[in-house]
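Each chain, written out:
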Amino acid sequence: MRAYLLRRILFFLPTLFIITLLSFLISQCAPGDPVEQMLTGRSGGGEEQLAEKQASRRLYLEKRHELGLDLPIFYFSIVPLAEPETLYRIPFRPVQEALERLTYEFGNWPKVQAYYQAYLQLDSAFYASLGDTTWGERRTEVRALLTLLPQEKRYSEIQYLLRRMEPLLLPYLRPYYEAVKQAVEELPRTSQRWRLYIPTIHWHGTQNQYHRWLVGLMKGDFGISYQDKRPIGEKLLDAVKWSLVINFVSLLLAYVVAIPLGVLAGVRRGSFFDRGIGLILFMLESLPPFWVGTMAVVFLCGGDFLALFPPGGVQSTEFSDQWSIGRKLLDWSYHLILPVLIGTYGAWAFLSRQMRAAILENLHQDYVRTARAKGLPEWLVIWKHAFRNSLIPIITLLASVLPAMISGSVILETIFSIPGMGYLSYGAMTARDYPVIIAVFTIGAVLTLIGLLIGDILYAIADPRISYARRG
Amino acid sequence: MVERGKNRIEPLRGALWVLVSLWVAACSGSRPAEPNLYVSDQTTPTRGDWVVIATIADPGNLNPTNATGADAQYIQSHIFASLLWVDPRDTNYPYVPMLAVGLPQVSPDGLRYTFELHPAARWDNGEPVTAKDVEFSFKVVKNPLVDCGPLRPYYEFVEDVVIEPKNPRKFMVVTNRKYMLALPSIASLFILPRYIYDPEDLMARYSIRQLNREGAKLRNDPNIRRFAERYNAMQRLPHHIVGCGPYALEEWVTGQQVVLRRKQNWWGDTLKGIAYEAYPDRIIYRVFKDPTTAITALKARELDVMDAIPAKEFVQLRKNPAFLAHFRLETPPTFAYSYIGLNMRPQGRPPIFTDRRVRRAFAHIVDVDMIIRKFSYGLAQRITGPLYPMHRGAYNDALPPIPYDPHKAAQLLDEAGWQDMDEDGVREKIIDGKKIPLEFEILINSSSETAIQMAQIFKQEADKIGMKINIVTLEWSVYLERIKKHDFDAYIGGWIGSHSPQDLKQIWHTSSWAEGGSNYVGFGNAQTDALIDAIREELDEAKRNSMYRLFHKIVYDEQPYVFLTSPLARIAIHRRFRNAYTSAIRPGYFPAGFWTPTNLVRYGKKDS
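Sequences listed follow chains S and P, in order.
Using the numbering used here, the letters of the first sequence map in sequence onto residues 180 to 651.
Using the numbering used here, the letters of the second sequence map in sequence onto residues 44 to 651.
Simulated from the structure, these hints should not be mistaken for laboratory data.
There's no promise every hint is true.
With the C-beta cut set under 10 Å, the calculated list includes, among others, these residues of chain S facing chain P [stated by the list, open to error]: (1) Ser-303; (2) Leu-327; (3) Asp-483.
So the derived list for chain S, only partly shown, Cβ under 8 Å to chain P, looks like this [stated by the list, open to error]: (4) Gln-207; (5) Pro-213; (6) Arg-317; (7) Thr-319; (8) Gly-402; (9) Gly-457; (10) Val-477; (11) Cys-480; (12) Gly-481; (13) Leu-508; (14) Asp-510; (15) Val-589; (16) Thr-593; (17) Phe-595; (18) Tyr-602; (19) Gly-606.
No residue lacks a Cβ here, since even glycine has one placed at the ideal position from N, Cα and C.
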């Protein structure tokens with residue numbers, strides 16, 4: 180048993196690592212620029228021209244540095260020889276993508292870089308010339324062309340943009356322009372496509388985004404939420420207590436109701452009770468909770484019909500800290516009873532059918548006959564012998580329940596305005612708050628692992644026939 | 044209070060719209076009789092009672108400068124005070140005194156604004172509010188490490204605050220240029236208590252001029268850093284969210300409710316004026332993410348106020364006498380509109396909307412009245428340009444809406460040289476020797492159900508006149524990225540503005556097309572740019588309005604957008620409240636002014 184556990188835990192660690200890696204990769208694939216997300220509302224119009232543009236660009240770069248987004252993504256990268264290893268240093272995602280594309284087309288990063296450098300010089304020369312009155316109407320056009328140029332991936336389009344820019348420029352910008360043009364023209368001439376087919380490894384060390392994120396994670400630092408700039412750990416802590424309470428009560432209720440029903444149905448197989456319960460439970464299961472939840476809110480919470488329950492929330496408007504603990508508990512239960520019930524009934528059919536099937540199987544076993552032959556009363560036969568051995572499938576289910584308990588129900592929590600984990604993740608998803616989504620995802624995955632481990636241990640406890648020791 | 048949010052693009056919220064027949068809008072005029080359960084002879088306001096308001100999201104962060112959500116701002120407006128207040132009842136939206144005794148004296152060059160603070164104004168610790176606090180509040184915004192990036196550009200023009208040596212309540216705000224929004228920006232800044240936010244007086248070591256000039260260098264300054272770190276972390280706790288407004292943050296249960304408590308002895312109690320109206324003992328914001336649940340809570344009278352009620356539900360509530368017995372439904376106009384943007388300067392895309400006649404032809408196939416009936420249930424108004432009808436002087440009402448007229452559209456396309464040469468049902472035109480079909484993409488944010496349905500109608504209409512529309516739905520951030528890169532032919536979008544004079548620069552100036560502004564469609568030329576700049580610098584309202592009307596006319600003639608609708612707000616307010624006026628100023632209702640006649644008080648009878 181101990182050896183087995185040790186083995187399981189040894190497997191546990193690499194799995195965990197892969198999970199964190201996956202979450203991280205998914206977060207990398209999220210569309211949009213995280214820095215832009217953090218800085219939304221940043222001044223847009225080109226009012227104070229150079230000063231303002233530089234200010235907002237500086238703000239962008241600082242925020243990017245603060246978030247560690249100017250670091251390489253992982254410990255190492257395996258890329259074609261032609262791949263620009265310093266590409267991650269280039270700010271602004273669209274520019275990064277365009278330069279990457281060009282590198283893949285021509286296999287010559289130094290030349291692409293030279294083009295970008297020449298462009299930067301033209302750009303700053305242009306901004307220095309903004310006050311020049313000889314520009315007239317052309318200035319706007321040039322400004323737009325200059326903004327588009329570094330984001331352009333297609334070589335022919337780059338040439339097209341340059342051709343359009345040419346007649347518009349002021350004479351003293353010509354040398355800068357010529358430099359860019361030359362660098363662009365050099366790209367196909369110095370093409371080194373063979374470099375695309377030779378793989379190479381770059382080692383980045385611990386100064387990378389994944390390491391940073393992982394170390395933070397281990398310290399319980401999940402990052403900062405885009406939405407309200409609060410630490411995510413704090414937000415999760417606020418939310419998890421409600422999900423835990425609701426799901427724990429739901430779980431208890433599910434088992435307390437379903438297990439006896441399942442056992443009784445199994446024992447009285449084929450009776451009116453068995454069929455009746457089966458019919459009712461399956462009817463319940465086929466009613467989707469989001470629909471029942473909405474119906475319950477509309478018809479039972481004082482809107483259009485009865486006012487038996489409060490419409491959402493976890494406590495009354497008048498709730499006060501001065502209330503006695505009993506009154507508080509009463510208020511909370513009054514608010515949570517409906518979501519708990521609706522979150523539970525779907526599990527009854529499933530659990531009780533599982534239980535019934537397991538009991539049926541065990542009732543035909545030899546040891547049950549033996550027990551009966553010994554003259555034990557029927558209830559003892561069922562509840563002491565058959566029941567214990569029928570618990571295995573139920574335990575399997577219990578193991579998968581742990582992550583669900585923490586992660587909460589998105590739909591029910593939203594319908595009933597319960598500020599739990601489901602509600603939090605729903606809010607994060609609608610607001611594209613990726614750090615929160617990834618944190619919830621990672622926690623869910625880790626808890627699933629732990630749940631499975633606990634399940635394995637419980638098997639052994641429930642059923643002495645299962646042993647994890649190596650035979651022989 | 045002045046809205047800080049500049050225009051921002053907004054996805055048409057993806058509510059579940061269902062097509063209904065036309066009589067819904069028609070019958071909304073004849074409401075059922077409204078019995079009045081809430082009668083009282085009382086005419087003088089009394090304090091007491093609570094107001095419970097539905098809000099769609101937890102405000103998250105209530106830091107006075109760093110909070111970004113609109114919900115947070117509504118809550119803050121009760122806790123913090125600014126120099127002036129806007130009277131929402133008056134449709135000219137005039138400024139009225141709040142912390143300042145009156146409107147500022149403006150120097151003839153329009154660069155210096157002299158204010159005097161009200162002698163009664165006090166912080167919670169009994170100390171008077173002084174010009175030093177005002178200066179400090181500007182410094183907070185200008186501290187380069189304070190997390191208020193979106194707010195900072197609005198105060199860039201503030202050069203200095205000069206305090207009168209003999210009068211600690213009198214000061215002059217010096218600006219570096221003439222700007223029509225200078226007063227709205229200065230007037231709406233929350234004035235912050237130094238003793239709460241800067242007990243060590245760290246910011247006193249720096250002048251505003253220094254923060255302006257040496258912002259970059261000061262980022263590494265230990266005191267600047269120390270202040271910003273402490274200040275940025277002050278987001279949620281009642282003793283961190285402290286201002287000199289009439290309410291204090293009492294309790295905040297995340298995701299549940301935010302409770303504001305009326306201060307017992309507030310300095311404004313003895314003053315007359317709309318800004319000092321604060322009658323409810325508590326204002327409670329309850330979070331309901333699901334609108335159905337919120338409406339149920341409203342019907343159950345667990346809520347007193349709800350706004351942004353989905354239009355479909357709103358028209359149903361209008362026909363529900365049991366509901367109307369307890370609630371009033373209000374539909375003030377809003378400073379927002381939706382439109383179809385047409386790319387006037389396509390780069391590397393077919394030159395379709397470069398021709399004014401083609402843009403106008405598109406406008407003729409959009410049946411806006413039908414859109415208002417079917418998608419807005421009549422709860423929207425038509426607009427003809429980028430200005431709001433509520434700004435009466437500025438809105439050019441001489442311009443007739445462009446009628447739905449497919450015939451005229453076809454005619455315009457013929458004139459513009461688009462003909463169906465190969466008789467495949469789609470028109471073509473020879474441009475630069477190449478035959479280009481009249482086929483284009485319309486970009487839509489995928490979470491906007493309404494926009495998708497609207498686009499399908501446009502597509503059908505366009506088919507009839509030989510124009511082919513391809514609907515492209517994109518995830519919000521991708522959609523935005525493509526629009527910003529001018530990589531579109533047409534898109535459906537929306538803008539939210541505010542009651543202060545509209546700064547047209549962000550959306551209509553050519554510089555905002557060239558580099559990352561919001562002139563996605565590429566509207567404008569030297570003439571319109573000059574007009575926009577002139578409007579920005581004109582402090583005289585009448586002169587500004589005549590320029591606004593001219594600009595409106597130009598945009599109307601050019602049709603860079605097909606203007607769709609400006610939605611009406613949809614607000615329910617409990618009938619026991621008096622003085623519960625509504626306004627186009629967001630959020631549309633002003634709960635601090637609500638009062639309940641003594642016999643109708645519902646909450647908190649014992650504890651006050």
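Each hint, compared with the structure:
1. Ser-303: violated (14 Å)
2. Leu-327: holds (6 Å)
3. Asp-483: With Cβ-Cβ at 7 Å, under 10 Å, it holds.
4. Gln-207: violated (14 Å)
5. Pro-213: violated (10 Å)
6. Arg-317: The hint is violated - Arg-317(S) has no Cβ within 8 Å of chain P, the shortest such distance being about 11 Å.
7. Thr-319: holds (4 Å)
8. Gly-402: Violated: closest Cβ of chain P sits about 15 Å from Gly-402(S), beyond 8 Å.
9. Gly-457: Because about 33 Å separates Gly-457(S) from the closest Cβ in chain P, which is outside the 8 Å limit, the hint is violated.
10. Val-477: holds (6 Å)
11. Cys-480: holds (5 Å)
12. Gly-481: holds (3 Å)
13. Leu-508: Hint violated; Leu-508(S) Cβ to chain P Cβ min 16 Å, cut 8 Å.
14. Asp-510: Where the cut-off is 8 Å and the nearest Cβ of chain P is about 12 Å from Asp-510(S), the hint is violated.
15. Val-589: violated (10 Å)
16. Thr-593: Cβ of Thr-593(S) sits 5 Å from chain P, so the hint holds.
17. Phe-595: Hint on Phe-595(S): holds, closest Cβ of chain P at ~7 Å, below 8 Å.
18. Tyr-602: This interface hint holds because 6 Å falls under the 8 Å limit.
19. Gly-606: Interface hint status for Gly-606(S): holds (7 Å vs cutoff 8 Å).
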